[in-house]
Each structure stands twice: as C-alpha cells, then as structure tokens.
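Heads up: the protein sequence lines correspond to chains A and B, in order.
Residue 210 in my numbering sits at position 210 of the first sequence, with consecutive numbering throughout.
Residue 236 in my numbering sits at position 236 of the second sequence, with consecutive numbering throughout.
Certain hints may be false.
Claimed, not checked - Below 25 Å or equal to it, Euclidean Cα-Cα: the simulated SDA-like pairs (lysine to any residue) are:
#, chain 1, residue 1, chain 2, residue 2
1, B, LYS63, B, GLU153
2, B, LYS81, B, ILE241
3, B, LYS81, A, SER255
4, A, LYS190, B, GLY138
5, B, LYS81, A, GLU175
6, A, LYS190, A, THR96
7, A, LYS190, B, VAL112
8, A, LYS190, B, GLU51
9, B, LYS81, B, GLY139
10, B, LYS63, B, ALA214
11, A, LYS190, B, TYR100
12, B, LYS81, A, ILE196
13, B, LYS338, B, ASP283
14, A, LYS190, B, GLY74
15, B, LYS63, A, PRO183
16, B, LYS338, B, LEU325
17, B, LYS323, B, ALA201
18, B, LYS81, A, ALA164
19, B, LYS353, B, ASP283
Hints listed in this document are in silico derivations from the structure and should not be mistaken for laboratory results.
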Amino acid sequence: MHHLVGLRWLLGLYTALFIAFLYGPFAVMAILSFQQGPEGGPQFPIREWSTFWYQHVMGLAPPSRIAPLPIAEALTRSLSLAFATMVVSTVLGTLTAQAFRTRFKGSGVVFYLVVLGMMVPGVLLGLGMALVADQLGIDRSWWGTAFVLHVVYTYPFAFLVMLAIFNRFDRSVEEAAWSLGVPPARTFRKVTFPMIFPGVLSAMLFALTLSYDEFPRTLFTAGSDVTMPIAIYGTFAVEIHPNLFAFGILTTLFSFAVLTVYGILMGLSTRRARARFSDMQEDIA
Amino acid sequence: MMEIRGLNKSFGGNIAVRDFSLEIEDDEYLTLLGPSGSGKSTLLRLIAGLERPDTGAIVLDGKTVTGTPPHLRGLGFVQQKYGLFPHMSVFDNVAFGLRYRQIDPVSDQRTVNDRVERMLELVGLEEFGDRMVGEISGGQRQRVSLARTLICEPRICLLDEPLGALDANLRERMTVELRRIRSALGVTFMHVTGNEAEALAMGDRMIVLDAGRAIQVDTPHDIFSRPANVQVARFLNAYNILSGSGQGGAFETAGARLAMPPGVSGAVHYVFRFDNVAICDPDSRGQSGSAQMEAEFIASEFLGSRVVYFFRRPDGGVIEAEKHLSAVDPRGMRQGEKRILRWPVENVLLYGKGGGMLRHEPVLEVAQ
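All chains should be built: construct the whole structure from the sequences, respecting the hints.
Shown next as structure tokens:
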C-alpha cells in the first residue's frame, strides 16, 4: 500500500508540473498585461497594477511615446478571412467526406491529395504560392492568395473530422428515408445533416481557429494588407510593450467566447432530447 | 402484383442471388426462409431498389421498375435494425414519409395528425407519440418502424428479419400483431427470416432460399410435409437425414440396413421426421411396415410440452426422436443405453443425387 502512496505523489507532482508548463506562459502574460504604463516594461516586477495597456489597445489611453498597435484593420481582416475559410473548408470537407462514403475508384490517391494540404511545411507552401502568383501576374492579397492557402490548410482538417463522423454513421437511416419515398437530396437535409451537425460544428471550429492565427502561409501571400498574426509579428521588430500581452488576453477571451457559442450550439442539438427525457422523469416521479 | 424475373446479383465474384423468379400476389403474407448467407437480405434490397441487379427484371403492376430509385418505387422496407431517425420524436418518425415524400406529399397538418394517430393506434403506440425514439423499448421501436412504413400505404411491405432483435416473449406477441396489422390493411407482406418456426407460422406462402436460389415455393403446410429437396428438409429442423444408397427395397447407410419404400431406386438421402420415431426396448420384436435401427441414448432435452431425445447411430451420427408429453409417458433412460428406434416405412422420404425428392405421393398429414 505504501509504495502506492508514493506513486500517487509522484503522479501528482508530474501533473502539477505539466499544468505549470502548460499555463505558465499564459499566466505570466496575464499578470504582465496589468503592468503600470506607459513606463512599465514587459518584465517583472510589477511596478503598479493598472489597466493602462488595455486602454492602450482599445485606443482609450492618453497619447504617449508608444505607438498604438496597428491591429484594428488587421483584426477585421483576420476575422473575415477566418470566417470565409471556415465556411468554404467545412462545406468542401463535408462534401468530400460524403463522396468518400462510397469507395470510388482512385479514392486512395484523392485521400492523400487532400491530406497533403496539412502535411506540406507552411512556409514553403507560402513561398511557393508567392512565386506562382508572381509568375501568373496575380496580386498577392489576404482575400486572394492567402485565402486559397488557408482553405488548402484547413480543408483537410474539416475533411478528416467529417470522415470520422461518417464512418460511424449508420446508412440504414438514409435507406429507410428513401424507402419511404423521400428523395436523396431531401433526405440529406432532413435526416443526414441534423445527425452529422455536431461533427460539422467541430469542423467549423477547427477551420476557424486554424485560420485565425495562421502565420507561415500568410506571411508571404497576404501582400501589403496584413492579417493580425503578421501585424503582431511586425511590432516585435521595434520594441515589445505589455500592450501585446493585453491584446493576447483579449483575443483569448474572444476564443473562449467562440468556444462558448460552440458549446451552446452543441447543447442545442441534444437539448430537445434531454428536455423530453426530464419530462419523462417527472412523469415517473 | 409484382413479378420478379431471373434476378441475379453477385458481389465481387460471390454470388448472392441466383436466377430468382417469383410472382407476388396482392394481399398475401409471404415468408422467405433461408440460413444466414443465403442471400435473403440482398434479395430484399434488390426489390427495394437499394441494390441494382446484374441481370433480371422486377415488374410492378405491369411497369418495369428494375432501374427505378427506391424513393419512386412505392414499396415499404422495414429494416432489421429499424433505422429510426434518432433526432425525431415517434410522431415525427411516423409522419416523415407522408410529409417529405416526392410523390403525393401531405402538407395539411390536420391530415398528417389524423393519419399518424390512427397508425399509432393500429400498432398500439398512441401514448408514445411525444417520446424520442431513444426513450422507447426495442419492441416499440420495431412497431414505430412498421408504422412509419405502413402509413405511406406501400404496394408491398418488405420486412428484413423484423423479429430478429426481439426476445422470445416479445417475438411471439409481435408474430400475432404482424398478422393482425397486415390483414387490417390488406397490404402484401414479404417477411424474411432465418427462423423456420417463424416462417411456417406466419406465411400464407413460403419460399425457401438456399445459396441465392429459391428451392421451394409453396404453402407452409406443403413445405413442411413434403420438402421438395433434401436442403429444405434440413432447414426445417424436423427431419432425420441419413446418407447412403438405396436399392431393391433396402437403404444401406453406414452400419445399418433400413427398410425403405418400394419402387424407388437411386436414393441417396433417407429422411424421416423426429416425431415419427418410436423408442422401443432393445429386445422387442420387429414389426412389419416399420424400419428400425439400434442406437445408443445420449441425452434428452425438455422443451415444456415435448421432449427431444438424442441417440447415437452405429456410425456415430445423431438421430433425434421427439415426443409430446401429452401422448407418451417419458421413460427414464441412462446415457449409453441401447434402444431400438422404429419408424413407419410409408412415411420415409427419399431424395436422389441432386437432392430432389424421389417419391411424390402424399406421405403424411400434419394436424392443422
């Protein structure tokens, strides 16, 4: 029994260390974002607690020698890009996974072609895309060349998620609908889609988050109007101030908001069943 | 009326259905008996349009539907695993076909309500319309699946082992229910099963399927009393089947010489029913008109109203004898004891090399 207690302590310590390393950087960033401004730098000790850097990010702080983060437009671009990527990748991924339900000729080759998009090193892909665009005389832009690469990158993720969902999907449900006289397209809308909806949500979440903070593929292909991660990287070249940390915290909060929406939508798709179930429980009671 | 002509289907070289032809009448209960792997599910899927035959035609009311997709055939298909829509209530499951079918959808909510309620009543689920399908039992799901199909008034309702997933008690109740529902609606049912008792009990007509081929189509009574084929006798699980060769009034099988009906030559299978076998003392005298064989008692199985006794033949095979408790006082036998088994020669069925029957006059009557 005694050696088990020792093991338990060891595992506890291991877990504690794991959590410390996992969340340490985030905790440090969170603490330093409340550094006094504008003189306070991105290091300990905290001179005085303040929300100056948050005001600075929002453009509410009084003017000082520190330039505001050039992120307002970049943020809009990143969000629109992430949203468009999410829509296109999820639709493509779902359709491709649907096609893979019948083992068509050459499906093995097509599978690797699709998955290639997430395997190729991002920087090289970005560079290659920049070269191709130059050769063809296409202007590089975040909504053109970068958008294409974002889709190439996130589409395999959406595809793999949907492939896993369809693998567990019982096709007898669709066959039942056809046998009732319901045409295939309507069956997809009324039966298949509601049943795979949780998977579609997960695919959307993947595509959105991957595109939102995509860096290497965007670096060479976004042109002069940069996205948020590139804009942030640009500020590193000058001087780092705690306003970056404040922005990091804000964008994390935004991610949590997205996750919450995801959770709510997931819940909604099963809520009706649960509501009915609790009704039944009350009946029995 | 549906006509199936010379249907063939194979999957990558494995033949599933072989030259299958059948006429399905209006308002009948057809059962299709076949062991697993005999192609019975494939056959149903071909008729439903979920698979396409390699060759052959399916003609429904004079119209060829061989290439018609399933949603335009107007047939019903009740699957073994039900295939209910898990995200809908029982009511919405049943209403689904009416609301969303391509041909003649019903958009009027009142009509849908009326028809769904009537159908739920017919299958005895009027209280359960609001439940989700995850909250009802297996037998209830079975009935939802049936109601969902029948509400669309299919020309023919195909049922793929509909009782297969139910426990014995429920299975018996659903057997009666299915027949009642069918006759109430006058729809033709084609019921596929691997259970011989189910096929015999439910069908007006019965088809026996083996290796993708229909080997006998007849009333259950005729199939049971005159299996056209030694394979059919085997599926019925009511016949002792001995192999050997028969000549000049005697059948030679490993270790025994059995009396056999006269005037038949070329018999390879010697077949008699479990319940034709009389168990006699080892020193009893032979009787004219009976065939007999000495065998060793192995075990008995008590089945409530009857007992099945297992005996070892001289060549090591097994002979079964079935006794109804109301008729015979079961005598205690110890394992390894010898007994003489006797059965009337006139009831013996003989089958030739190809498995076909060699003796066609009616041999015995089954109490109806």
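Practice item. Report the numbers of all earlier hints that the structure fails to satisfy, in ascending order. Key: 2, 3, 19
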